[in-house]
Amino acid sequence: MSESRTVAAGELHVEELLDALEAGERVVVRTEFLGSEHEVMLRYDGSTFYCDTPTRLHRHDSREEMRTCLENQGYATA
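Under my numbering, think of the first position of the sequence shown as 67, with each following residue one higher.
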């Protein structure tokens, strides 16, 4: 099983987070939504990036798509 770490939303720079995912880490991002704390699991399987939120599984086919998602959702800093 791959290594996993938990971070707060915005704690990591987007490139640091992408590098960790491409190195095989799973990253759990703690974020607040509508006054409640939620965890989002981020992972990469070698061809697709995944953002597994409490309500939806987002898939991204490229590093650039994942970068945009991470920045737009506030999971990482630009």
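None of these hints come from the bench; they were simulated from the model.
Computed from a prediction, not measured in an experiment: that's the story for all the values here.
Some hints here could point you the wrong way.
Distance windows between CB atoms, simulated [what the hints assert, rightly or not]:
1) Ser70 with Gln139: 17 to 27 Å
2) Glu137 with Glu91: 12 to 22 Å
3) Asp127 with Gly101: 27 to 37 Å
4) Gly101 with Ser128: 32 to 42 Å
5) Leu123 with Glu88: 12 to 22 Å
6) Thr134 with Phe99: 13 to 23 Å
7) Thr114 with Glu137: 15 to 25 Å
Glycine included, every Cβ here is placed at the ideal spot set by N, Cα and C.
Consistency of the hints with the structure:
At roughly 19 Å, the beta-carbon separation of Ser70 and Gln139 lies within the given 17 to 27 Å, and the hint holds. Checking the proposed 12 to 22 Å range against Glu137 and Glu91 shows it holds: the Cβ atoms sit about 19 Å from each other. Between Asp127 and Gly101 the beta carbons are some 33 Å apart, a value that agrees with the proposed interval 27 to 37 Å. Here the CB-CB span from Gly101 to Ser128 is close to 33 Å, well matched to the stated 32 to 42 Å.
Checked against the given bound of 12 to 22 Å, the beta carbons of Leu123 and Glu88, roughly 19 Å apart, stay inside it. Restraint check, Thr134 to Phe99: a C-beta distance of roughly 19 Å satisfies the suggested window 13 to 23 Å. Taking the beta carbon of each, Thr114 and Glu137 are about 19 Å apart, inside 15 to 25 Å as hinted.
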